[in-house]
Structures are given as structure tokens and as C-alpha cells.
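Protein chains in written order, with the working numbering: chain U, 1 to 154; chain R, 155 to 338.
Worth flagging that the hints you see were computed from the coordinates, not collected in a lab. Keep in mind that the hints are not guaranteed to be accurate.
[Said to hold, decoys possible] With a straight-line cut-off of 20 Å between C-alpha atoms, the simulated EDC-like cross-links for lysine to aspartate or glutamate are:
| hint | chain 1 | residue 1 | chain 2 | residue 2 |
| --- | --- | --- | --- | --- |
| 1 | U | Lys79 | U | Asp125 |
| 2 | U | Lys145 | R | Glu224 |
| 3 | U | Lys145 | U | Asp87 |
| 4 | U | Lys145 | U | Asp104 |
| 5 | U | Lys86 | R | Asp215 |
| 6 | U | Lys79 | U | Glu93 |
| 7 | U | Lys137 | R | Asp215 |
| 8 | U | Lys79 | R | Glu204 |
| 9 | U | Lys137 | U | Glu93 |
| 10 | U | Lys86 | R | Glu224 |
| 11 | U | Lys137 | R | Glu224 |
| 12 | U | Lys145 | U | Asp105 |
[Said to hold, decoys possible] Across the chosen pairs, the derived CB separations fall in these ranges:
| hint | chain 1 | residue 1 | chain 2 | residue 2 | range |
| --- | --- | --- | --- | --- | --- |
| 13 | U | Gln97 | R | Ala313 | 41 to 47 Å |
| 14 | U | His59 | R | Leu293 | 53 to 59 Å |
| 15 | R | Ala267 | U | Glu20 | 49 to 55 Å |
| 16 | R | Leu269 | U | Phe62 | 50 to 56 Å |
Please read all numbers here as calculations on a predicted model, not as lab measurements. Each residue gets a CB set at the ideal place from its N, CA and C atoms; glycine is no exception.
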Amino acid sequence: MNPPNSTLKLVDLDAQMAYEDLWSRTLSRISGDLNRLIYVASTRDYNSGRYHHAGLETHFGFVAVRKALETAHRELFWKLSRSCLKDLVSELELYMQSSGESPDDLLRAWRSLQPYRVAIPLDVDPLAAHLLLSNLKLGLEVLQKRRAPLPDCP
Amino acid sequence: MSALLVFLLLGCLLLFALLSFLDADHSSALEDSALSSLPSGQSGFCDNQEFASLGNLVFSDQDWNFIQREQSPFLNKLYIQERRAVITHWLHESAARLRAIRTNHLQHSRHSANLDVFAEGRLFLLFLYLAFLCWSLLLIVRFSHPSTPRALALHFQSAVSKLLSSAPGALAPASADQHPPLSP
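Excised from the complex, chain U in its bound form (with noise of 0.2 Å):
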């Protein structure tokens, strides 16, 4: 699995190897861009939006690494929002397959409590944004309604 962008270039060299460390021996380990969006945004550090990531940060220093964990985040952000409501649903099944947990488990939290909204990175396109979560949303009612065919309300 290769990062979505192969070509990228951090100008920091320290950053470049971080990143790529980060996509050979993490994120393509990982089935999915919306398992590794959400893996690379539980990084972040909630109260300062700093990107951590232990293992890395002794090889190349907290600086490369938060600057290698922004760009993964970033592009798997593009991506995903630019995919269309059916690959978004496929990228849905597959989260909750590798959960771990019950489906109808994560989907009755996913649908009230809505924790993707946490896995925007900072300073992205509003719109993007606005597109993403609302695709989520309806991807997330699409598997509800998969299963468990509700009469047609909310």
C-alpha cells in the first residue's frame, strides 16, 4: 500500500522519512482510509491539536514527525472527502469489521455521539469538511437501515 500521494515531498528531510516510516510500517498496515484517518487523528492531542506519536518521535524528532502525521492526515482527509457515498459506506463496513466491536454497538454510538467530527484536521477546506460529515452521516444511516429495515423514521 503506498501513501495516496507517493510523490509528496516534505521540505524538512526529517519529515520526509517520518512520513514515509509512518506509511511503511503503520498506515499500510492498516485496511482502510477511514481506519487510517482515524487512527493517524487519535494522535492529536485533543487540547493543543499536536500531533504525538512516541515511537516515531525518537527517530526523527517531534517536529518531523508532527509535521509527518499533519500530511498523512491531511491527504487521507482529502481523499476521503472527495470519495463518493458508496465507497464511504464500504470504508464504513470495513471500520467496524476491524473494530472489533458489535456493529449494532457502533453504530447506535457512531449515529448519536458522532466521534468522526473529531478526525477533521485543522485548517481544512470548511466545505470539504461540511461534505465529509454529512456523507458519514448518511453512510451511517444507509448500514443502520442494512441492518435493521426501521419503519421510516429517524
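Since chain U is already given, all that's left is putting chain R on it; use the hints.
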């Protein structure tokens, strides 16, 4: 005779509304961000291609066809509601960008030594036309299916792109030497 007067009055009202639209409050966050994204010496829209690709996506029929295959009135309703909100966002952002370009152009042309009045007039009419299209799209999206105005939206998008490509120099921010300090 009275019908003609009514038409004239309506025409004046429309023109006034469009001028108000173009001269709307420039302090909105959207417009500030659009203005701040204008790179000096370039055509104005730094993310025009990105913005256009998002426009294509939000008006695409592909997602609607996918939802329809699920055969659920609830999903159909939710899709229309969600997509309507996204399209409205897209149109508000388009309007803000349009206003930012016009503000930028006005600043540029006020300090221009050799102003082409005919070209300026044509550009003003183009701004009015785009403002009218944007308004119409907002109305259509509010009262019909979100993918209905797809053709009109794509036309609007290409007209904005044309505006940017036709006069890149004129739309660029004025340089420092074009803004001499006002003499006391």
C-alpha cells in the same frame, strides 16, 4: 402602460437587490478568508480548481442514485436535507469569493491610470450576472431537489472560472506602487 411600469419597478428592484448582494457587508468570516487567500500577483482564487471539484461532487447524481437504490423514503429525505445544506454552503462560499474578487478588482481599478471604461462595464455586468445566478441557485435549491440545478451550477462555476482567466491581471491585487500615499 401600467404593466410596463410594474416591469420597470421589478427590474429596478432586482438591480438594487443584486447591487446590495455585491456590496454586502465585507466583514463576514467567509469573505475575510476568501480575501486573505488572494495571493499577490495571481488571479485571485488560489484554490479555484479544488473549489470547482467540490462543486462537481456536491451536484453529482452518483450519490443520489446510490441512495435511491436503498429504497428508503427516510434515506431519500435525509439525503435531500443533507445535500441541500452542503450546496447552500457551497453557494454562500461562492458568493463570498465573488465579493472578494470584486472588492479586490475595485481596489485595483481605482488606482489604475488607463482604465478601459468599456471593459469595466462588461465586467460589472458579468458580476451582476453571476450574482443573479448565485441567487437563483439558492432559491432553486431551497425549493427543489438538490441535483435539479446541476447544469446551472456548472454554468455558474465555469463563468466564475472564465472571469478569473479572462482578466487575471485586472483581478490581481494592486501593488504598492499603484497605491501611492494620499497627499495631505
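Do the alpha carbons of U/Lys79 and R/Glu204 lie within 20 Å of each other, as the hint requires? holds (12 Å)
Taking the CB of R/Ala267 and the CB of U/Glu20, does the distance hold inside 49 to 55 Å? Holds, at about 53 Å.
Satisfaction of hint between R/Asp215 and U/Lys86, Cα-Cα up to 20 Å: holds (12 Å)
Please work out if U/Lys145 and R/Glu224 have their alpha carbons no farther apart than 20 Å. Distance ~8 Å between U/Lys145 and R/Glu224 Cα, so the pair holds.
Keeping to a limit of 20 Å between CA atoms, is the pair of U/Lys137 and R/Glu224 held or broken? holds (15 Å)
Has the given pair, U/Lys145 with U/Asp87, been kept, meaning a C-alpha gap of at most 20 Å? holds (17 Å)
Hint check: U/Lys137 vs R/Asp215, CA-CA at most 20 Å. Holds or violated? With Cα atoms ~18 Å apart, U/Lys137 and R/Asp215 stay inside 20 Å; holds.
Starting from U/Lys145, check that the Cα of U/Asp105 is at most 20 Å away, please. holds (14 Å)
Verify the proposed pairing of U/Lys145 with U/Asp104, using a straight-line Cα cut of 20 Å. holds (11 Å)
Please verify whether U/Lys86 and R/Glu224 have alpha carbons no more than 20 Å apart. holds (11 Å)
At the C-beta level, are U/Gln97 and R/Ala313 separated by a distance inside 41 to 47 Å? Given range 41 to 47 Å: holds, Cβ gap about 45 Å.
Quick one: are U/His59 and R/Leu293 within 53 to 59 Å, going by C-beta? holds (57 Å)
When each numbered hint is compared with the structure, no violation occurs for any of them.
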